[in-house]
Amino acid sequence: MNASPEPSESGPIRMSLSSRFENIEMAQHLCGKLLDGRNVPDETRHWILMAVREALANAIKHGNDRKLDKRVQLEMDVTDGWLEIRIRDEGAGFDPERVDDPLAPENRLKTSGRGIFYMKTFMDDVRFTRAEGGGTELVLRKNLADRSEKEERKA
Amino acid sequence: MKTNVREVQGVAILDLKGKITIGAGDVQLRETVNSIAEGGKKSILINMHDVTTIDSSGIGELVGCYTSVTNKGGKLKLLHLPPKINDVLTVTQLITVFDVYENEAEAVASFK
Chain P
1 MNASPEPSES GPIRMSLSSR FENIEMAQHL CGKLLDGRNV PDETRHWILM AVREALANAI
61 KHGNDRKLDK RVQLEMDVTD GWLEIRIRDE GAGFDPERVD DPLAPENRLK TSGRGIFYMK
121 TFMDDVRFTR AEGGGTELVL RKNLADRSEK EERKA
Chain L
1 MKTNVREVQG VAILDLKGKI TIGAGDVQLR ETVNSIAEGG KKSILINMHD VTTIDSSGIG
61 ELVGCYTSVT NKGGKLKLLH LPPKINDVLT VTQLITVFDV YENEAEAVAS FK
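As you go down the protein sequences, you meet chains P and L in turn.
By the numbering used here, the letter at position 93 of the first sequence is numbered 93, and the numbering carries on one by one without gaps.
By the numbering used here, the letter at position 69 of the second sequence is numbered 69, and the numbering carries on one by one without gaps.
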């Protein structure tokens, strides 16, 4: 599997992943474990795991260009009701402001360019920064407590 | 992802099963639809009932298939969209691009 998970019951989870798409599911599985027992509604859980998928796919494909000698660092933790996921690649970096809006009519039928949009839709906070030492660091955050309360109110 | 192609009243129905995600089904979807179109079929219905997961790459391939078939004068429609995939298409405003059906007979009839 070529990854080094260090999970614990309460987190944090830290992993160093090779740039293989197969590792996405393992990371999703461990993120799911981190959410277990935290009263996260199934719906919220599903979209968080999709955001994790999109973020890692981006790091592997666009960040590391699928080069197996480049790695993706992943950290996941829950603190004070907030899930925080940090993903760092070893790529050349990019300007998130220059990513096309997938909802613009001229972009709607493009075959790519929706991953960041999905992350922003399903998470509460999505930030890209240039990582120290190169690459891009992406931080995804989700307020689990607030979301659970909203779902409970709906029910 | 597993695929099965059958024909009902001149409509090629592509049954998909499993994941349409990056590196696991996305390219396969494109190749299967291209193969159907190259075989001369202009009416293609993709049955999504047993698709368990889709990501932005899978959505991109679905859009690519739609554009490719449409540009060749054909029609590509969707059948049995699972709720989560419906949501994913809705937030990117793609749900209005595709003709989506819940009933196979109605979907097949719509191509006439």
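Worth flagging that the hints you see were computed from the coordinates, not collected in a lab.
Quick caveat: nothing in here was measured; it's all calculated off a predicted structure.
Be careful, since some hints might not be right.
[What the hints assert, rightly or not] Listed below are the simulated DSSO-like cross-link pairs for lysine-lysine, each with C-alpha atoms no more than 27 Å apart in a straight line:
(1) L:Lys75 with P:Lys110
(2) L:Lys17 with P:Lys61
(3) L:Lys42 with L:Lys112
(4) P:Lys67 with L:Lys112
(5) L:Lys19 with P:Lys120
(6) L:Lys2 with P:Lys61
(7) P:Lys70 with L:Lys84
(8) L:Lys19 with P:Lys33
(9) P:Lys120 with P:Lys33
(10) L:Lys17 with P:Lys33
(11) L:Lys41 with P:Lys70
(12) L:Lys72 with P:Lys120
(13) P:Lys67 with L:Lys42
(14) L:Lys75 with P:Lys61
(15) L:Lys112 with L:Lys19
(16) L:Lys84 with P:Lys61
(17) L:Lys112 with P:Lys120
(18) P:Lys110 with L:Lys41
(19) L:Lys17 with P:Lys110
(20) L:Lys84 with P:Lys33
(21) P:Lys120 with L:Lys2
**Item:** Given hint Lys41 of chain L paired with Lys110 of chain P - CA-CA distance at most 27 Å
**Value:** holds, 24 Å
**Item:** Pair hint outcome, Lys42 of chain L versus Lys112 of chain L [Cα-Cα no greater than 27 Å]
**Value:** Given pair Lys42 of chain L, Lys112 of chain L holds - Cα atoms ~11 Å apart, limit 27 Å.
**Item:** Given pair status - Lys33 of chain P, Lys17 of chain L, alpha carbons within 27 Å
**Value:** Given pair Lys17 of chain L, Lys33 of chain P holds - Cα atoms ~26 Å apart, limit 27 Å.
**Request:** Mind checking the alpha carbons of Lys67 of chain P and Lys112 of chain L for me, to see if they're no more than 27 Å apart?
**Result:** With Cα atoms ~48 Å apart, Lys67 of chain P and Lys112 of chain L exceed 27 Å; violated.
**Asked** Would the pair Lys67 of chain P and Lys42 of chain L pass a check requiring their Cα atoms to be no farther apart than 27 Å?
**Response** violated, 39 Å
**Message:** Need the status of pair Lys84 of chain L, Lys33 of chain P: alpha-carbon distance at most 27 Å?
**Reply:** holds, 21 Å
**Prompt:** Are the Cα positions of Lys112 of chain L and Lys120 of chain P separated by 27 Å at most?
**Reply:** violated, 40 Å
**Prompt:** Has the given pair, Lys41 of chain L with Lys70 of chain P, been kept, meaning a C-alpha gap of at most 27 Å?
**Reply:** This hinted pair is violated, its Cα atoms lying about 43 Å apart.
**Asked** Does Lys120 of chain P pair with Lys2 of chain L here, judged by a C-alpha cut-off of 27 Å?
**Response** At roughly 31 Å apart (the allowed maximum being 27 Å), Lys2 of chain L and Lys120 of chain P break the hint.
**Item:** Given pair status - Lys33 of chain P, Lys120 of chain P, alpha carbons within 27 Å
**Value:** holds, 22 Å
**Prompt:** Is the hinted pair Lys112 of chain L and Lys19 of chain L satisfied, with a Cα-Cα distance of at most 27 Å?
**Reply:** Between Lys112 of chain L and Lys19 of chain L the Cα gap is close to 31 Å, so the pair fails against 27 Å, i.e. violated.
**Prompt:** Do the alpha carbons of Lys2 of chain L and Lys61 of chain P lie within 27 Å of each other, as the hint requires?
**Reply:** holds, 24 Å
Figure legend: structure checked against the earlier numbered hints; hints not met, in rising order: 4, 7, 11, 12, 13, 14, 15, 17, 21.
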